[in-house]
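> Sequence:
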Amino acid sequence: MQMSKQDTDKVWMDSEVPTVTVIHSENRYPDHAGATHDPDEAVAEVTYLKSLPTYDGKLHEDDLDKVLGYAWRWTNNVDGSWSRKELKLADEDGLLHENGDYNENVKVLLPNPRYEGREMGRRSSMVGDIYILNTKAGSIMYSVDDFGFTNLNDTIKNAINENTVGESI
Numbered sequence: 001m002q003m004s005k006q007d008t009d010k011v012w013m014d015s016e017v018p019t020v021t022v023i024h025s026e027n028r029y030p031d032h033a034g035a036t037h038d039p040d041e042a043v044a045e046v047t048y049l050k051s052l053p054t055y056d057g058k059l060h061e062d063d064l065d066k067v068l069g070y071a072w073r074w075t076n077n078v079d080g081s082w083s084r085k086e087l088k089l090a091d092e093d094g095l096l097h098e099n100g101d102y103n104e105n106v107k108v109l110l111p112n113p114r115y116e117g118r119e120m121g122r123r124s125s126m127v128g129d130i131y132i133l134n135t136k137a138g139s140i141m142y143s144v145d146d147f148g149f150t151n152l153n154d155t156i157k158n159a160i161n162e163n164t165v166g167e168s169i
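Note that this note's numbering has the sequence shown beginning at 1, numbered continuously upward.
If you are wondering where the hints come from, they were derived from the structure by calculation, not from laboratory data.
Owing to the predicted nature of the structure, the values given are computational and were not obtained by experimental measurement.
No residue lacks a Cβ here, since even glycine has one placed at the ideal position from N, Cα and C.
Heads up, some of the hints might be wrong.
[As the list claims (entries may be wrong)] Each computed PhoX-like pair below joins lysine-lysine, with the alpha-carbon atoms no more than 25 Å apart:
1) K107 x K136
2) K66 x K136
3) K66 x K85
4) K66 x K107
5) K85 x K107
6) K107 x K88
[As the list claims (entries may be wrong)] For each label pair, taking beta carbons as the anchor points, the in silico distance ranges come out as:
7) H97 x L49: 25 to 35 Å
8) K136 x E86: 28 to 38 Å
9) D93 x G128: 32 to 42 Å
Could you build the full structure based on these sequences and the hints that come with them?
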């Protein structure tokens, strides 16, 4: 579903609990331990719950960065593994440590890769990955950029409009 900037406001007004589907684009580091070679995999669904302190019972346009930023944070390996659904992880010596990236609001959609018999976590989200914001009013697709996110629905719509200007129907 393609949505204009005007439709984006309707998505926010009609929202209940938004989710973000995270699609990891083709891995740019194929030789990394546990790397997958499948391009464009939907790897997670992140739920932005009403109970979060930043949610006031209604989503507003300026909440977009909160929702997408939340999905970004919780699909990155900062202090453990976001995709390994364990509260504690063993290090190379077998010692257990808190998994600081565990979040019950992140649903992993694919099995984790294995390397030399060990379960590995999924890679962190990065530039070029796709986030799809899902609400009861519709979906909007975003690309992860160097700084923030680009609304791909608007980009696609503008490209179509630019290519059809002056054409007769």
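> A separate judgement is required for each hint: does it hold in the structure or not?
Here's how the hints hold up against the structure:
1. This hinted pair checks out: K107 and K136 have alpha carbons roughly 19 Å apart, not beyond 25 Å.
2. A C-alpha spacing of about 18 Å is found between K66 and K136, which places the hinted pair at or below 25 Å, so the restraint holds.
3. Simply put, K66 and K85 have alpha-carbon atoms about 23 Å apart, close enough for the 25 Å limit, and the pair holds.
4. The straight-line distance between the Cα atoms of K66 and K107 is roughly 18 Å, inside the 25 Å bound, and the hint therefore holds.
5. The straight-line distance between the Cα atoms of K85 and K107 is roughly 9 Å, inside the 25 Å bound, and the hint therefore holds.
6. Distance check on the hinted pair: K107 and K88 sit about 17 Å apart at the alpha-carbon level, within 25 Å; holds.
7. Judged by the Cβ atoms, the range 25 to 35 Å given for H97 and L49 holds: they are separated by roughly 26 Å.
8. As the Cβ distance of K136 to E86 is approximately 32 Å, the hint placing it in 28 to 38 Å holds.
9. In this structure the supplied range 32 to 42 Å holds for D93 paired with G128, their Cβ-Cβ distance being about 35 Å.
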